[in-house]
Structures are given as structure tokens and as C-alpha cells.
Amino acid sequence: MRRGVVWQLLLFTAIAGVITTLMALYPHWLPATASEQADRIGDVFWFVTIICAAIFAIVAAVLAYSLWTFRAPRDDNFETDGAPIHGHTGIEIVWTAVPFALVTAIGIYSAIVLGKNDKVGENPLRIDVTAQQFAWSFKYPQHQNLAATTLRLPVNRVVRFHFTALDVLHSFWVPEFSQKQDTVPGIDTWLTVTPNKTGKFPVVCTELCGLGHAVMRSTVIVMEERAWRRWVAGAARQAGGGGGGGAEAGKAIFAQNGCGACHTYEPAGSNGKVGPDLDKLSEFAEDAGQPVEEFTRNSIVDPNDYVEKGFPPNVMPPFESLSDQQLDSLVAFLTEPKGAS
Amino acid sequence: MTHTAPAHDAHHATKPPPTGFRRLTAPGWIRAIWMSALFWALGAGIVCLLRWVAGWDPVWDWLPITVVAFLTMLPLGFLSGIGAFDYWVYYALGYPSREEDHSGHGARSWRDYFRVNTDHKVIGVQYVATTFFFFVIGGLLAMLVRAELAQPGLQVTDAQGYNGFFTVHATLMIFLFIIPAFAGLANYVVPLMLGAPDMAFPRLNALSFWLLPIAGLMFVSAFFVPGGGPNSGWTCYAPLCEHNTFGNVFFNMGVQWAGASSIMTALNFLVTIITMRAPGMTFWRMPLLVWANFTTSLLVVLATPFIAASQFFVMFDRVIGMDFFNIHEGGYVLGYQHIFWFYSHPAVYIMMLPGFGIISEVISVMARKPIFGYRLMALSLLAILVLGFSVWAHHMFISGMASYLRVPMMITTLLIAVPTGIKIFSWLATLWEGRIHFTTPMLWALGFVSMFVIGGLSGIYLGAVPIDIHTSDTYFVVAHIHYVLFGGAFFTIMAGVYYWFPKMTGRMYDERLGRLHFWTTFVSFNLTFFPMHLIGTQGMPRRVSDYAPEFANWNLFISISSFALGASILIFFYNMIHSWRYGELASGNPWNAMTLEWQVTSPPPLFNFDEIPQVVGNPYEYGVPGARHALLNGARQHELEEVPR
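Line by line, the protein sequences give chains A and B. Sequence positions in the first sequence follow my numbering and run 1 to 341. Sequence positions in the second sequence follow my numbering and run 1 to 645.
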């Protein structure tokens, strides 16, 4: 060994360590967490980061030191060779055993956190999530099956999501909650989240689900327990009390089924761009040569029957699950004279 | 490029080109065209015949199954026409087997590169040139993806166009660039390194090359299919891809042709490496590139049938109404992912291990040192091979599979970091006390080591289930795969291409342009892909044409960097083309390396070695006084430098 090599190496490692530490600390790597699970996942993230930053610093330091110290003289044309070192059993054992120990530690810590994050505890709030191209809808089975397209959760209560996918794979993710789960046709999947901060966060679909994948978004609002209870009571009364048909109910059905994710429709306040603009529905009906109401009804239950020019077929799922009454309301909402509502 | 083997040319002279009617029936492009048409008609005929027999009306209908018939028959017609099956057909039909005149061996003019050729060196060049052709298309698609993502909202294309761009980008880069580029380099180098005159099955070798452009054209032509190109991502997850555009069927079929090519090449490598080693070339004397291709070929033959099956399943679901993944008929959606990843995770190592081999060659030669821990380096390849088959479900931590599978799969995943770490540390130790030459291939090798450390460490994040749950399907994953496949596989391909360029062409590349290429790529690569880690963990999902405005600044920055990255490739192409024609003549052994391919002329003689070499020692004995790897041509070795070209 050359003289002072240890000190020089340590110096290189210190410099590389400072740089990697700054890289780890300066940018905000994780979004501001809003759930207990996210906090624990953040802990694993930093545990792994410390190990990885140390390894990277050491590798970078040895690499930089070697390249600086052992470069060949300029006039050397591949004639002279380096030292014929073939290996060193001791050092090879060390760099097999140490990484082994480190990844084992990461594995154990991860498994512990995974176990904690999946724990449901007592009295969870159950939410049934339905995913379809390209909309989320939520139901509260413990609260008269209340339905909504914006998710509202009470803070500091364990929430147990149950997912159903109607057509293809989707994935439910709220970055601030860190938890994520695919929704799979034919399989019940679930996820546990305990929100611990109030606020408004995006619900993002992260599994490619078709042309509207990028706009398959919703919102989750985490509220104080009291405010949430007030909202539940009010929303349940509204849903129970209405009962009537007509355009007003149609507006709710439009929202609940996520039509606005893909379609622009001014009365609903939506501006989706995946499908045709429903403000021009009467023009489309004319193109198709059908009366507006019949055309609208048919397009909802059998979208491929007539596809407007410039839009690909097989994108919109057939909404066959709507009852006749719901369908009537939705058609009324879509075909009512503009400015009436 | 001409070969310098005057002694052979006399009795290996090409036959005079066929004239008159024989021009139509001789193997070649003319016959390929009319036989493609003939087989196309045959495919249509079979479909019509079956429909007529079954009493269907109309007899002719433009159904998916009809197109699949074409996608099967037309390539077979092309292959028959170009002559890939000639010898076997003659043999099978009982014709007297023709005297082997080697007229299909070696290249005498550029035209020979467009024929069925059985010379592994010609096939190697065919492979590399073809893969770079598709690399350019894949790269342009990536530029289109970045152009769309430069700003939130849709500007350049629509959702269908965007999904097509990223799907075909990934497909071409994986199936038509990285995997076959390694196969091409190894095709050229492995027989030479073994001291063999060619691969074990030269005709099979030629066939496996010609399958490749078929697959590539199938992927690219899918864009022009009525209804739109493949748009389900390169993973083609069921059930989405079964409902999506018809272009997805072209993807399913293209994978079959590319996969068949892979499997045939891998079998060829395995047999070559096991049976064609020169006397004295024991397994423990093989260069690590040979070891790497040995393990890779094992991975390919074991794993590739699984992706073939997965693509057949989704295609059969669509075209003949099978219900593998149709839940209404008892299908099981997650089954697709298990089968797909049982190939596609080992495929990650198929795209990595040959690169490990290249880097071992380059670092040892350019640092003038024996590889540190040679045996452990070879054994770690085998460890990766074994562990690589036990980690596939780490792509499925959030997929909804049984949750108890996650921890065991996490443990095997994390353990794979150990043999990979051994390789990184051993390369570092090989540099220690060396005499390091910063040539272009060495710069790519060192760039690879540093970038692959980042890609490997981000893999630890993704291996830990809780972090994976947060980062899965985000840009963090996009960053990770590009550090592994661009900073990893692409950098090693570059190291290999520059390193063996003198051997393949007989000329030196321009060193200054090579370094410029490296540094521009290295910097713009990091500027492009490092920020993706950040926007991923902060919440940007992958495969979206539109995104939240908070990510706009970073995406614009990434897009601009990616255009610089794309432009840096132009330096490479200029260097390669210009140097191939006008570069300084290369000697047989410009790097003063010990492995066998450098002990013959550049480019090597028609059958590689005038006489089979005798291997007497290890391949990396730099600095050991008097050490020899092999004895060649008796005392005539000193003449190597003066062979007339």
C-alpha cells in the first residue's frame, strides 16, 4: 500500500459523503405525509437512504481516487502493466458479508413496517371503491351506502378500502398517503390507510388503463371527525330524501359515474377531453341520424354502436348497470334545454 | 470491408450470379418478394378454406384471425425466399446434399451483408447494424414522448398517439436493441474468444438473425394498422391489451418472432461454448464475456418461452375467444402478470449480464490488471442466474396477489444485490494499482460502473416493499429502469462497440469524437433521468400524457435534457460511419490485450484461425511475467502485425 492512502481515501469519502448527504437532504424527496402509513414508509425510505448514500459515497470515493492515482502516463501505449493482483479472499468475504447484512436489515425493517401498515385494528371505516375507465366512485357501506365521487375521510381513523374494478386494471394512489393498491377485475383487493392530517389531496390512477388514464383522477378530503359526521348526515339525508327523477337526479348520476372525467359538459361543470364534448350532443345525434333522446340513451348503454368521428371505439365502457329510472334521469339531464337548470 | 485470407479465396470464390429465370428462383430478395406474396395467399387460402368447410358466410372476412394468419405466413415466406431454409429443405426432401462451397460464408462486398450469410462475423455485424437502425426509431419515439411531456396538457399528439409512442419505444429498445445488440456483439466475439472457427450451428445462426428485422418491422408497422398502434405499454397487461387497438396483436406476434430469434441464438451460444472451446480452454480459463453469455443464454432458453406463452394467451383471448383472462368465464387476470414477469424479470438480467462481461474485458485490458476475484466474478453470474428466477413477483407488490408472497419475494430481491455488489467491488479493485488508460471504451465502462451503482441502489428502494408501494408505477421506476438499461446496458453496448470496432472493421475510430460522445451523453443522461426520481417520489405517475402543473418545470427541464441526449448520439453515428471508411488502419491488437480475438488480424480471417490455438493459461494475466493465454500459429505469431490487407 502507498503511504497515506488511508487518509487520502477517507478525505475522498468525506467529500463524496457531504455531496450525497446534500443530495439526500436538499430536495423534498417525499410529499408532505398525511397518513400514519406514509410516516412509517418515510422512515424506511430514510433508513434505506442512509445505507445507500454511504455505499454510494464509498464507491464514488474509491473510484475517483483510483482514477486519479492510477492513471497511466500519457506516453504509455499499453506496454506496461499494473500490479498482478488476482484477488484477496478476506476482502472478498467482507464485501459479500457486509452487503448481505445490510440488505437483511432492510428486509427485516421493511417486513415489520409492512405488517404494521396492513393492520386494521378495531372499528375501521369501510369504503368500497369502484374503479372503471376513467373514474373513481366511493361508497360508505356503514353509512347507508352513501355514494360519492369525491372521497371524504375523517382524520385519525383507520380506513379500510375494498376495491372493485369493472373493466381493466387500475391503481389507487394518494401520494400523501403513500399507500397504493391495484384494482383487479375478478379479485377483491384492499388497502389500509389512517389519515393523520386534514387537507385536500389528489387520488391518482397509476396503472395504465386506457386512453383516459392521465385524467383518471379524483380528490380526497380529510376532515375533522365532527365536520365529517355532519357531512355524512347531510349527504345521507339528501340521497334518501330526493328519490325523484328528472334532470336534477341526472346531474348526480353524471357525477357519481365519473362521466365528467372524460366528457366536457357545461351544466355539470366538467371539462374532460377524452370523449366527445356533450355540449354538442344534438349535433352528434344529427350526424348519427337519430332523435337526440334515443341517441343519448343508446350511446350510454352501447357506446360502440355509433362512435363520433375522431374518437376511437372501445374507449367508453357500456354503462349497463344503470337502472331504467337512473337512465331516464341521466338522459333528461343531458338533453334538457341549455340554461334551464 | 474485405477479409484477408488470400489462401482461402481461391477455392471459396463466389459462384457467378444466376441469370435469366434462375434469378427468380435463386435465394435472395427477388425470391423473398414473390414467396412472401405466395405465403400471404396461402395464409388467406387456409382461412377461406376453413371458413368454407365450416359453412361460414361470407367465406372471406377481414377478421383478426385472418391478420394473424398473415403475420405468421408472410414472414415464413420471406425467410424461405431469402434462403434461410434452403439447406434444410433440400436435406429433408432427399436431394443430394450440396457440396459445402462456403459461398454463403464471409463477406466480399457490402451486398453480402444483405444475404443469408453463415459467417458469425458477418452475422454479428448484421445484428449490430440492424439493432442500431431500430435504436434510432426507438430513440425518435422517446423524443416524441418527451416533446409531449414538455408541458402539461396535450400539444404534440393525443392520448392514443402518446400511448403508442411509449409502448413502441420500450418494445423496440428492449426486443430490437438491447437484447439483440448484445447477441450481435457476442456473435462476433464469442467464437473468436473460444478459439473456434465459427458458431456451432452457422445456418441456425443466420436464421435467428433474419427473424429479427421481421419482429422489428412488425412493431413499427403496427402504427399504421387501422384503429391505431399498440398502446398498452410494453408489458401489454391483460385485460387492457385485449380490449385495446388492433395494433396490440402486432405486438403479440412481433414478440413471438423476436423471442424465437433469442431462443435460437441462446441455444447456439450454449452449444458453441460447451463444445467448441479450443484445446486447453477450460471453463475456468474462459474470458468473463464468454461466462456472461453462457449464463445469459441459460436465462434466455429457460425464460423466453414464458413471454411467448403470455403473448399467445392474450392474443388467443382476442382472436379465437379463449378466456384465459376473461373474468366472466373464469379467467384469472393476475395469471398474466405472473407468467409475463417470470420471463421479464430474468429478461432484466438478459439485458445486463452480457454487459457485465463486456465491462470485465474492457476494465481488465484498460487498467492492465487481472480481473480481481475472477472465479467469484463467474460464480456471481451464476448466483444472479439462480436468484433471478425467484424474484419476479417484486413487480407485483401492489398487484393484489396473495399478500404473504411479498416478504419472501422482497428477501430474494434484496439478496440479488449481493452478487451484483460483488461485481461492482471487484471492478473497483481491478482498477486499484492498475495503469488506467482513459480510452473511449474505458470511459463508457467507468461511466457504466458509476451509473449502475445508482441504478442498483434505486433498485434496493424498489425492492423494499413499503417503499415500492409508494413508488411503484411512478417516474421513480422510469428513472430506475433508465439508470439500469441506459446507464447500464446502453453504456456497456457502447463500451463494446468502441472496444471491438478496430477488430470488426480493421480501422480505428476517432478517439476525440469518442470522448466527446461519452461526455455529452453522460451529462445529458444524468440531467434527463436523475430528476425523474424526484418527480416520481413526489407523486407523478408513469405512462401519462398529461400531468399536474406542479411538475411542469421539472418536465420541461427533463425534455430539454433529453433532446441534448438524443443529439449526442449523432456524434456516435458520424464517428462510426466516417471511421469505418476513412479511419486509421488498426493493427491486430491495438489494446495489447490477451484474449484470443486480438491475436488474429483485424478483421479476422474467414475462419478466424489458421490453426486451432492451444490455450495454456488464464485470459487476464496482465503484469505476470511470461504469462500466456494461448499459443497461436507456432512461431508465425510475430507476422500478425504485417499481414497485407
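Just so you know, the hints here were simulated from the structure itself, not pulled from any lab data. Keep in mind that this is a model prediction, so the values were computed, not measured. Among the hints, erroneous ones may be present.
Claimed, not checked - DEER-style ranges, computed between Cβ atoms:
no., chain 1, residue 1, chain 2, residue 2, range
1, B, H578, A, T104, 51 to 61 Å
2, B, H578, A, P202, 46 to 56 Å
3, A, G234, B, L140, 51 to 61 Å
4, A, W7, B, V616, 39 to 49 Å
5, B, F133, A, M23, 36 to 46 Å
6, A, E293, B, E550, 40 to 50 Å
7, B, L63, A, F100, 51 to 61 Å
8, A, G90, B, G330, 54 to 64 Å
Stated by the list, open to error - To give a feel for the contact side, a few chain B residues facing chain A, derived at Cβ under 8 Å:
no., residue
9, L240
10, L376
11, G421
Stated by the list, open to error - Listed below are several chain B residues computed to face chain A (Cβ distance under 7 Å; list not exhaustive):
no., residue
12, V156
13, V407
14, P541
15, P549
16, E550
The C-beta atom is built at its ideal place from N, Cα and C for all residues, glycine as well.
Which numbered hints does this structure break?
Of the numbered hints, 12, 15, 16 do not hold.
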